[in-house]
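S.K.: Given next are the chains, with one letter for each unit.
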Amino acid sequence: MINKIAEKLIFEKSRSGRRAFAQAPMASAEVGIPAMYLRKDRPNLPEASELQTVRHFTRLSQKNFSIDTQFYPLGSCTMKYNPRACNALALLPGFAGRHPLGPESHGQGFLRCMYELQEMLKGVTGMKGVSLTPMAGAQGELAGVAMIRAYHEARGDHQRKEILVPDAAHGTNPATATMCGCVVREIPTDKDGDVDIDALKAALGPKTAGIMLTNPSTLGVFERRIAEVATLVHEAGGLLYYDGANLNAILGKVRPGDMGFDVIHMNLHKTFSTPHGGGGPGSGAVGVGNRLLPFLPIPLVGAAEKDGKTVFRWLAENELPQSIGRLSGFMGNAGVLLRAYVYMRMVGRDGMERIAEYATLNANYLMVRLADAGFELAFPGRRASHEFIITMRKEARTYDLTAMDVAKALLDWNYHAPTTYFPLLVPECLLIEPTETESKETLDGFVDAMIAILTDARENGVSFKEAPYNMPVRRLDDVKAARQLDIRFEPG
Amino acid sequence: MPFIPHTKKDTDEMLAAIGAADIEALFDEIPAKLRIGSLDGVPEALSEMQISRLMHKRAAEDGTPQCYIGAGAYEHHIPAAVWDIATRGEFYSAYTPYQAEASQGTLQCIYEYQSMITALTVLDVSNASLYDGASGLAEAALMAVRSNRKARSGRILLAPGVSPVYQKVATAIASNQGITFASLPADPVTGTTDFERLDAGDDPVAVVIQQPGFLGTLEDVDRITDWAHEQGALVIAVVNPVSLALLKAPGHWGRNGVDIACGEGQPLGVPLSSGGPYFGFMTCRQQHVRQIPGRIVGRTTDLDGESGFVLTLQAREQHIRRSKATSNICTNQGLMVTAATIYMSLLGFDGLARVAAEAHRNTTRLVSGLLGIKGISRCFEGPFFHEVALQLEQPVAPVLERLADLDILGGLDLKTSHPDLGHALLVCATETKTDEDIDAYVSAMRNVLTTSARKSA
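As you go down the protein sequences, you meet chains A and B in turn.
If you're matching positions, the first sequence starts at -10 in this note's numbering and goes up one per residue.
If you're matching positions, the second sequence starts at 597 in this note's numbering and goes up one per residue.
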């Protein structure tokens, strides 16, 4: 159960002179650095015993929802179970203690895992090359758009700076395009959730650098005319970018490379089950087709035969002189990549396909059950992919039950809220993604909670404006937080 | 073994509810010609026991050598409690704290982290962290361009200590927005900024000062900071957070302190792990708060007037502002920040100061031992913290290979990053090394150099 007892700040538990004695080396002799370089003030860090610290942070952990404790039907986020073995094996001393600049002689075990991970990701996406270095989905996007720009620049096509983005896209898509010095053009969606082909045709031209698509889209449906979109964009001289946020839905069924995409990023923290960690680390490996191979971000891991043995080594500036460069100090979130590697090996070839199948089964089952219970689907004529959208627009009007109210009320039922108010073009929406690792009982329990909330509003006139009631805090004042900024502890 | 709980009965009941004949029917909207058969690129599944055996074998292959490499990632003792708590499922498998009421643990932890990092750097505002130190500098450069409206050149000047890798990363990330980087002149004797030859050129946006420098040098940070401000430039400090237990905080550099500080957070309780996941920290003065990228946690009150925490100033971020956001970033390195917050709480300022002092002491011992060997000298004069560049009389790579055969990683060969230094080696000894370890390294180095000198004679 979530811990509702308020926890003072660690600073407020601090007592001058108290220490976790086992954790620091003995006092050293005088430091031989001239005084002009040295610090004279004493920063306010906590002074606490080891037990106090352990208890403090353990209690804080108990104030969180997490996959290990609650169901997260969080659309577009793929909150599936994070197998324990992935963490335990990534933290083996030989991996956790390995310095990033250590010699290849003391890194063959690690490099082999990375090489095989590149190969497996090529296999599941149908791309020709993979770089593991981007440290999150958004950085993978940055790498992808930077590669598209580098490709056009290398061909002397300097005017191609327009990136087309559907209006349903993740916010990172337009933000990334801007970061890469591109101009964003939004493409509308038709009433069934597909890209509006006429609008796309009108937008394409000699300035088109490329288009960024998610498929299945953020509307929870498969873009059925993807082959036509790919042909149109390629004929106009643009490239296709695949946002891998929803890759879980199609694993082993259809591959972005086969759909005609030139570049893709994968969110390993979604599809390949590395932990979300309360907001990171992510990992956003990128894959490319032949056109973009020379531009991949470095370093990559290569393999060569030497004395009858396979030897793994880094490939960097020398091997990829046209690369868009380095995106991290070393090679990205290596420890996350190891977790993804372990996960993929445990799932295996046939398991990949089963992931897409059961993620889709769970989504369609939940969609049907909620529709039967009276919730309105945003795209009723369509199959759900691994996620789907319900809209609360009628309930908001009739019973003043908004998507936000449902989200907050669900917390009291011990379910994390679905994604709310995204995508932006569906009013009062809840984007729901159950993932393949949840059981039928969990889904049924969630439906019961949703029915209870709806019934309470409809038949009993209950308002959820002040929910949740059973969390460590009640609804928080966001306006006050922004107006009276309190973003660090200051001793009184 | 994809961790799927469904029994045959579950699946049948669910398909019946949907009204689908089989699971395959659920994919009928995907055009048939796009469908694939088998995923040949993925091997057959392994059980946990099988993958465990494989990974133990590979980890053992990489070994646990004695490591004297630093260069931006540092081996420190990590208290057992740090990762024991950070990998509790409630932290490890939690989502981004958008639902504040169900995320108070993560949010309070980040608020405490922000309080600690602002205290260490003596600046007003901290974000909830960025990906790593190198990409953090790129974000700081972009932020400086947004903040320093008067300077229109897009030119950012780098003091000599700035890591060449950080420069590469900042260029890869920021150059598409018209930002350029230029180096300030270095004094060949000290390796630090040459004040006699300083020239800001036209309209610089910002000056980046890394302390300690990549090659271990210490800059007169007060003087460069004041000079930069006189040129109308902002100052970005790149600092090692452990060093801040000894060295002057960026907020105290020069007459007015720096504008933005950033750096690699890894030394604060994050394992080396081949380069990540780490976290980049970033702090700044109050006047730049609306330009800082990434998440920020604020304390507020709930409906009952009780204290609680939320993500705040979200109007800067991509999910609200889309193409007009301060950055496309939509994660912080939450789990690493959790670990760092626990680490700083366990050590406190005194503990951190002891770690820093012991690292300095060990590096001093290592360097004086190595300088006692014929054929080794320092590249630069001047004080250092826990890293020093050494000059050898022979190519470094074969020397490092022979040390590696003895399970000693003797430092970083500077041939690629600093060809102008000749045969140069960057060494670092943190608090994890004992006197015996250091003496063993020195004696191994003496053997390697003597035998190779004999060979070449």
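The set of hints was computed from the structure by calculation and includes no laboratory data.
Nothing here was measured: the structure is a model prediction, and the numbers come from that model.
Note that beta-carbon positions come from the ideal geometry of N, C-alpha and C, so glycine has one too.
Among the hints, erroneous ones may be present.
Claimed, not checked - Simulated DEER-style distance windows between Cβ atoms:
| hint | chain 1 | residue 1 | chain 2 | residue 2 | range |
| --- | --- | --- | --- | --- | --- |
| 1 | A | D247 | B | H915 | 49 to 55 Å |
| 2 | A | P480 | B | P601 | 17 to 23 Å |
| 3 | A | K180 | B | Q882 | 18 to 24 Å |
| 4 | B | A621 | A | T444 | 30 to 36 Å |
| 5 | B | K653 | A | K454 | 19 to 25 Å |
| 6 | A | P195 | B | T660 | 53 to 59 Å |
| 7 | A | E308 | B | S634 | 30 to 36 Å |
| 8 | B | E620 | A | K190 | 45 to 51 Å |
| 9 | A | A143 | B | S634 | 33 to 39 Å |
| 10 | A | G370 | B | H915 | 25 to 31 Å |
| 11 | A | N307 | B | S749 | 28 to 34 Å |
Claimed, not checked - Below are the DSS-like pairs computed for lysine-lysine, each with C-alpha atoms no more than 27 Å apart in a straight line:
| hint | chain 1 | residue 1 | chain 2 | residue 2 |
| --- | --- | --- | --- | --- |
| 12 | A | K383 | A | K(-7) |
| 13 | A | K429 | B | K970 |
| 14 | A | K150 | A | K190 |
| 15 | B | K764 | A | K150 |
| 16 | A | K(-3) | A | K298 |
| 17 | A | K111 | B | K629 |
| 18 | A | K298 | B | K746 |
| 19 | B | K629 | A | K180 |
| 20 | A | K298 | A | K111 |
| 21 | A | K(-7) | A | K29 |
| 22 | B | K920 | A | K469 |
| 23 | A | K190 | B | K920 |
| 24 | A | K454 | A | K469 |
| 25 | A | K150 | B | K920 |
| 26 | B | K653 | A | K111 |
| 27 | A | K190 | B | K746 |
| 28 | B | K920 | A | K429 |
| 29 | B | K653 | A | K295 |
| 30 | A | K117 | B | K605 |
| 31 | A | K454 | A | K(-7) |
| 32 | B | K1011 | B | K970 |
| 33 | A | K295 | B | K1011 |
| 34 | A | K117 | B | K604 |
| 35 | A | K454 | A | K383 |
| 36 | A | K196 | B | K970 |
S.K.: Is the distance from the Cβ of A:P195 to the Cβ of B:T660 consistent with 53 to 59 Å?
M.R.: Holds: the Cβ-Cβ distance is about 57 Å, inside 53 to 59 Å.
S.K.: Within a Cα-Cα threshold of 27 Å, do A:K454 and A:K(-7) meet the stated pairing?
M.R.: Holds. A:K454 to A:K(-7) sits at ~20 Å (cutoff 27 Å).
S.K.: So does A:A143 sit 33 to 39 Å from B:S634, Cβ to Cβ?
M.R.: Since the Cβ atoms of A:A143 and B:S634 sit about 36 Å apart, the hinted range of 33 to 39 Å holds.
S.K.: Holds or violated: A:K150 with A:K190, Cα cutoff 27 Å?
M.R.: At roughly 17 Å apart (the allowed maximum being 27 Å), A:K190 and A:K150 satisfy the hint.
S.K.: Are B:K920 and A:K469 close enough, with their CA atoms no more than 27 Å apart?
M.R.: holds (24 Å)
S.K.: Quick one, are A:K383 and A:K(-7) close enough, alpha carbons at most 27 Å?
M.R.: violated (34 Å)
S.K.: Run the distance test for A:K298 versus B:K746: straight-line Cα separation, threshold 27 Å.
M.R.: violated (59 Å)
S.K.: Would the hint linking A:K190 and B:K920 be met if the CA-CA limit is 27 Å?
M.R.: Within the cut-off at roughly 26 Å; holds.
S.K.: Is the distance from the Cβ of A:K180 to the Cβ of B:Q882 consistent with 18 to 24 Å?
M.R.: violated (48 Å)
S.K.: Given the hint that B:K920 pairs with A:K429, test it: the Cα-Cα distance must not exceed 27 Å.
M.R.: Since the Cα atoms of B:K920 and A:K429 sit roughly 42 Å apart, the hinted pair is violated (cutoff 27 Å).
S.K.: For a C-alpha distance cap of 27 Å, please report whether A:K429 and B:K970 respect it.
M.R.: violated (73 Å)
S.K.: Mind checking the alpha carbons of B:K629 and A:K180 for me, to see if they're no more than 27 Å apart?
M.R.: Holds, because 25 Å separates the two Cα atoms, which is no more than 27 Å.
Of the numbered hints stated above, those contradicted by the structure are hints 1, 2, 3, 5, 8, 12, 13, 16, 18, 21, 27, 28, 30, 34, 36, listed in ascending order.
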